[in-house]
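Peer 1: Here is what each chain is made of, one letter per residue.
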Amino acid sequence: MHQTAEFHKRVKNALDNPQLRNNFRVAMDGLMEKRSNAFPDKKFLEELRITGSKLRANALVKQADLLEQLEANCTRNGIQVHWAETIDEANHIVLGIMDSHNATRMIKGKSMVSEEMELNHFLEAHGKSCIESDLGEYIIQLDHETPSHIIAPAIHKSKQEIAKLFKAKHPDIPYSEDIETLTRSARNILRSKFYEAEVGLSGVNFAVAETGTICLVENEGNGRMCTTAPPVHIAVTGIEKVLEKLEDVPPLLKLLTRSASGQHISTYFNMITSPRKPGEKDGPKEVHLVLLDNQRSKIYEDEELYDSLRCIRCGACMNHCPVYTKIGGHAYGSLIPGPIGSVIEPQKFGLDKFGILPTTSTLCGACGEVCPVKIPLPKLLHRLRYEQVRDDHTGATNGQGSRRSTKEAMIWKIWSWAHARPTVYRTGTRMASLFRGLLPKSMGPWTRVRSAPRIAPKSLHELAREEGFDNE
Amino acid sequence: MSNARANILARLRANVAKTPIELDRRFESPDWSRDERIEQFCKAMRSVKTEVHQVNENDWQDKLADLVKEKKLKNLLYAPAGPLADKIESAWKKHDGLPELITREVDVDGWKEELFFDVDAAITSTRSAIAEVGAMILWPTPEEPRTFSLVPPIHIAVVEADKLHNTFSDAIATEKWHEGMPTNALLISGPSKSADIEQTLAYGVHGPVELVVLLIQ
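Protein chains in written order, with full-length UniProt numbering: chain A, 1 to 472; chain B, 1 to 217.
If we strip away everything but chain A, and leave its shape as in the complex, we get (with noise of 0.2 Å):
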């Protein structure tokens, strides 16, 4: 199968990239730890959890209800509200503004929906240049890369890495590997986009439909100047970021924070309410606000996959996840990487393109056991080898099925038909373990990185009635 070829090549070359996994190691390791700081009391942390679990699931229950409210409250507060069904419509959106006020130079704010609009290329194709400017982004910008984690894009690349590559790219700037010089730099070199840009774009973390108010979270200061400095905001969002109340941001963002990176919150906390009013000296004179679905509505057909769109992208499930660390966040090959990413995409993108993406996990429970807002990750990515297996077409999941194999469900057929048979069973097992040793040493991709399973003289239901125990 094409995808998991591609796969297997590109984790390979991760694996074998001991740069790329130290980078990765160190990384992780610091932010579990930050996050772990962060929450010292455990039933604080569980409250708070149900806390978040509950308001996040209270939004999406009332979702379709809530995004009305929130285009009424924003259009009555001036700011300017798009729906858009595909990441087709929601770039001709962007593009129509920009081309309404004859813009050509965009500064971006971090947005996970404009890389998943591959909103730079589109515009660039017609003729308008994008710059990043959160200092991760910009540093994957300037390498053609695609982030590598949610909140810290760059974490695959080493300070000499990024040293190199703010010389290739900017060679009247001295040479420097000190981490503060080369992020004074980019202030430097960027301010003055800042100052130049037509149009600023940014995404949404939480949007408030009692008042009509999007808020960002951020530390760097990009966010609020790229919502600050040029005369029109666009601000992109999927439809799910909707939450009732105000009053129900502070514990989200309090859970936010602390997840993501063990902040007890974040340097900028930047709420949005209109475009600058009459008698205001600044800000943009008109702010508009994307409302993107791109399958999301989809995926809330299914009363349990739904619970996926409950993320508030904080990416503690990818700093935590064993196949992550190793791995890294461009092996998965799709936009979000790690537990969330694996949930979502091959829901998003189809199980025939992203099918490989839920077996890209060891099970171990880590990634539901610190997610703020409790998606039962595990569950869900069980959930999605069953849906590319399953054969009766009544699931709503794009490419249900598309990884079944005849011959494999055959072998679980007879598998489960045996172990519902006792005499069969017990023959099974006893001619099992007589002719052991003619199980083959190389047995497919299992024995490829790993030895052969040695089947034991003697069952465990001997070993049970040797030692006295017994079923009566």
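Don't read these hints as lab results, they were simulated from the structure.
Each residue gets a CB set at the ideal place from its N, CA and C atoms; glycine is no exception.
Possibly wrong hints are sitting among the right ones.
The following residues of chain B were derived to be distant from chain A, with all beta-carbon distances above 10 Å [what the hints assert, rightly or not]: (1) 58; (2) 100; (3) 120; (4) 193.
Derived SDA-like pairs (lysine to any residue); straight-line CA-CA distance at most 20 Å [stated by the list, open to error]: (5) 277(A) - 13(B); (6) 112(B) - 73(A); (7) 54(A) - 112(B); (8) 54(A) - 21(B); (9) 379(A) - 359(A); (10) 374(A) - 19(B); (11) 62(A) - 82(B); (12) 245(A) - 217(B); (13) 112(B) - 192(A); (14) 193(A) - 118(B); (15) 176(B) - 193(A).
Given the coordinates of chain A, assemble chain B onto it according to the supplied hints.
Peer 2: Below, chain B without anything else, positioned relative to chain A:
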């Protein structure tokens, strides 16, 4: 126009028999005295590299004069129609050798270049603050616009200890934010920073490089 809106809403409403969630929105607040709030605020703010000075209502402007001299600022942007103006102007009359006080009471668009490249520092008031996490709350006004606390490399903010809330939830509830939000509401905790390179914290990215808080007791 496409039917995106109708289609999305129809899909969301199609099969919803989703169980309503029972919510208890009484979020707990710590039982802190005024002194405890001050202590917690200072501690949290300093932990993110904010320079906090505890000052008095009557002479904070003298501390300001000392600080701007010490920092060898070329100029300081302030709001002549803002709540701090009288005190600032009196200090500039009283002390010698202070940086140039600048005011621009027109739309920022008209002097954006100067703001972006020539202003050393700006001073603003704050609406209130949050003790638990160490954050100031700003609702910028026509007198004290949004860019004052964002663009210049140094932001000096005056915070009143009497306006410290325990938590963000308390601030929203006590100040009844749901009744009317401003164009822009901000929580600010420390100078701008990034850990995007090797998860190592570096201060001074696109927002202010330094944040100085004058906390009026």
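Peer 1: None of the hints should be skipped; say for each whether it holds.
Peer 2: For each hint, the structure was consulted:
| no. | hint | verdict |
| --- | --- | --- |
| 1 | 58 | holds, 30 Å |
| 2 | 100 | holds, 20 Å |
| 3 | 120 | holds, 14 Å |
| 4 | 193 | violated, 5 Å |
| 5 | 277(A) - 13(B) | violated, 36 Å |
| 6 | 112(B) - 73(A) | violated, 31 Å |
| 7 | 54(A) - 112(B) | violated, 45 Å |
| 8 | 54(A) - 21(B) | holds, 7 Å |
| 9 | 379(A) - 359(A) | holds, 12 Å |
| 10 | 374(A) - 19(B) | holds, 17 Å |
| 11 | 62(A) - 82(B) | violated, 42 Å |
| 12 | 245(A) - 217(B) | violated, 33 Å |
| 13 | 112(B) - 192(A) | holds, 11 Å |
| 14 | 193(A) - 118(B) | holds, 16 Å |
| 15 | 176(B) - 193(A) | violated, 38 Å |
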